[in-house]
Each structure stands twice: as C-alpha cells, then as structure tokens.
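Protein chains in written order, with the numbering used here: chain A, 1 to 233; chain B, 234 to 466.
Think of the hints as simulated: they come from the structure by calculation, not from any bench.
Yeah, the Cβ is synthetic: ideal placement off N, Cα and C, and Gly gets one too.
Incorrect hints may have been included.
[Claimed, not checked] Far from chain A, some chain B residues (derived; all Cβ distances over 10 Å):
(1) Phe268
(2) Phe283
(3) Leu328
(4) Ser329
(5) Gln403
(6) Gly409
(7) Val464
[Unchecked claim] Restricting the straight-line Cα-Cα distance to at most 30 Å, the calculated cross-link-like pairs of lysine-lysine (DSSO-like) are:
(8) Lys45/A x Lys31/A
(9) Lys177/A x Lys370/B
(10) Lys264/B x Lys152/A
(11) Lys264/B x Lys151/A
(12) Lys137/A x Lys151/A
(13) Lys359/B x Lys460/B
(14) Lys152/A x Lys359/B
(15) Lys384/B x Lys137/A
(16) Lys177/A x Lys262/B
(17) Lys31/A x Lys359/B
(18) Lys410/B x Lys177/A
(19) Lys370/B x Lys151/A
(20) Lys460/B x Lys152/A
(21) Lys137/A x Lys385/B
(22) Lys410/B x Lys29/A
Below are the chains, spelled out letter by letter.
Number of protein chains: 2
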Amino acid sequence: MTIKLYDLAGAEEDRRFSPYCWRVKMALKHKGLAFDTVPWRFTEKDAIEFTGSTTVPVIVDGKRAVYDSWEIALYLDEAYPSRPGLFDGSESRALSHFFSLWTVRNLHAPLLRAIVLDLYGQLHEKDRAYFRESREKRLGAPLEQAGGDPKKALAEFHGALEPLRPVLVQNTFVSGKGPGFADYILFGAFQWARSVSPQRLLEPDDPLYAWRERMLDLWDGYGRKAKGYPVGT
Amino acid sequence: MTIKLYDLAGAEEDRRFSPYCWRVKMALKHKGLAFDTVPWRFTEKDAIEFTGSTTVPVIVDGKRAVYDSWEIALYLDEAYPSRPGLFDGSESRALSHFFSLWTVRNLHAPLLRAIVLDLYGQLHEKDRAYFRESREKRLGAPLEQAGGDPKKALAEFHGALEPLRPVLVQNTFVSGKGPGFADYILFGAFQWARSVSPQRLLEPDDPLYAWRERMLDLWDGYGRKAKGYPVGT
C-alpha cells in the first residue's frame, strides 16, 4: 500500500517548500518506499485533523498516521527494518537528534529571516493572514522588519554552517560514506530556501556547495527536479 | 607499554584543566588503556618539540606520537580495534566530528569568556604572559574586558546547550545508550570550567546536570576525583 504524505504547498500546487516535508520525502526515497504527496496549505487544518496534528509533515501508512519529521524517521526505521536504515545505530540516532534541533535553532532561524519575504510572496492567498500572524509572533516583529536585512541574516546562516565544512571536506556526506537522515535534515533547509527564493546561499568553493550538488543528484535528481530556483544563480 | 599523555596543568601540578586533554583522558579510560600523565605548561614547548606539536594533548604510544584530541581519538580506535570503540561506525564518527567543531565554536567560546579570569588566576606564573598575549589576541580584548561579564557569557553558554536537552531526556548519553567520544567532547568543556572556576554552570533540574553526574561517576569517579570545584555549589 502506498504511503500518503501531506506536503506543504505554495500558491502553485507543485511548489513544495516545507523543510520538514523535505526531510520526510528524502527519507522515503532513502528507504525505497512508494509514496504519494497530497498538496496541503497551512490553513487546511481540517484535512489532517484525523491524525491529531495541525501541521505537516503527516504520513498515512495503511491505518497508521504519524506526524513530526523526527517521529516519522523513527517510525520508518522501526516499521521497515529490512530496508536501508536512516541511522546506522543508536549513537547515530542520538547525534542526529541533536543535529536536527541544532539545525532548527542555528540554521532555520537566520534562514527564515533571509527568505521570509520571498516565502510570503509564494504563499497561497488563503494562507497569508495565518502565516503573517504566526510568524510575526515567532519573529517578534512585522515580516517586513524581520526580513528587512537578508544579507545580514545570510551572513549569520553562513557563519553557523562553519562546523560542517571540515566534516564535508573529509566525508562525502554528513552521515559519513553514504547519506543518512542528518543529510536530509540539512538538505531540508536548503530546499526550503531554493523552493521560494532566488537568493544565492553558497559559493561554489564552499564544501557545502559540492555536498548540496550530491544531494540534488540523489535518486535521479529527485530534489533538483522539484519546483524552485536554480542554486547556482 | 603504558601510553604517556602530556596534560596541561596549572600552578598546582595536579590541577589539569585542558578540555582537549580531558577528552583524551576519558577516551583512554573508555578504551581501557593504561596511561600516565605528564604535567605540562603552556610555555614548555621544548618538552613536546619532538612530537611536532606546540600544544597538548600529545600522546606517546611506544614509538608513535600523536597530537590533537580528534586525531588521537581516531588513532586510538585504529590502533586498538579490539577494545571498545569511541565511535560505533563511520556515521557516528562524522557526526561526532561536527559535534566537536560545534562545541568549540558554540560552547567553548562563551565559556572561555565566563571563566577566563578564574583560569588566569590558576595558571603557573611562568604561563601568565603567554596566556594573556595569546588569549587577548583570540578574544580581541584585554582579559579583564573579555571576562568582565561572566553572567552574560554563561547565559549564552546556557542557550547554546538548548539542542542537547531533549536528546538527554531521551538518551542516557549524547552517544545514545553508552558514553562515546561525543560525550567526552562535551564533558571536556565542563571539566575545563570546574577545574579552575567555582561558577555554577547548571541547575539540578537541567537534563544536562544529571548527564554530567553520570559522566563524573564513570570509572569509579575518575572525573569527579580530579582537582577542581564541586559542581553543585
């Protein structure tokens, strides 16, 4: 039975920008599981009410609904142990959990400020009031003010990435030899930005640039084919 | 043959405060390897010149000298593969490398500002000019100015630890079920502070507090018995 994923969309149905939904899509590809995505908007709370969640990602796998990207990753490895693991053991799982929380705190926060106005412009009309209210509360300022200095926000984002660079000089992936859930966590942030914003995040001489290319190429260019801006502009 | 570790000491020979040397001491205990420590001061460059390094930790294992705490960890797992691993695989190794670089950037930096004046007071007299010059260069300010607001620096340190708390609610150690090199990386920061400063870093209701207790208890209280201030004061 094909897994169903509720996947955040913009005004255009095929513009899928949620960093957390990207984590899950990459995880499903990693496990080789068939899935269909259902475009979903922030204000379509009714459509996922049966799952107990008010946000996506939510997956429905037969009779089971699971939400929260981290919980979904744990579920997939538990439910499909014979398929490639998202973590290679309990140590990697604990360190990836830290990596997920670090990404949200240290990468998503400045990145949101860098792209928030671009993102707002890509939203479905019916989502705009909800987004403005919830994000202005989170950011503690009007969107136009919080997003008023994208260069400064990108500089902060760039600095926060520093501890990853030596790792990606020495390893092909954040998870070492092959991609793992930690890579999908990080890639989610880059796909989020690329889906809604033409801003250039990385220079070609950055070890992260080559890593992102490798991520975009996985599974016959699954991430690269998604609607968004080219990364090299 | 017993491994020899050059270990940074203060005015008192048994006050061993280097966070990087603590990583190595815990790693040696983890592997169950016999070792002797040699007290070393910042200005004793001649004593380790034969190793090619100007800083500690340096280990001498038979005819082999290895320096840099990360390189030493890799060496120990490679040279002693039949003993307990510091990493449970290449994924954990890559994520622990990130964790090490994150710790230096996000934890050591504010912690140095919080404890730098206490640390300076514990140094051997012959190290003071060297420490002042090198650290003022790194901090971009006189020690008294960089270390002038320890409460603010500790608040920053406390905030940077945030992504670790949920991990340590769900796991006994940063490395999951048992302690690994990621735990020794983090513990090094806490031992550094405790060795030279009476400042309280954590409250008892913090999940990190219970984790630090577990770390202090390892190997019959090896870390707790070291000269330093009690953590609960």
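May I ask which of the numbered hints given earlier this structure violates, with the numbers listed in increasing order?
Hints 3, 4, 5, 6, 9, 10, 11, 14, 17 and 20 not satisfied by this model.
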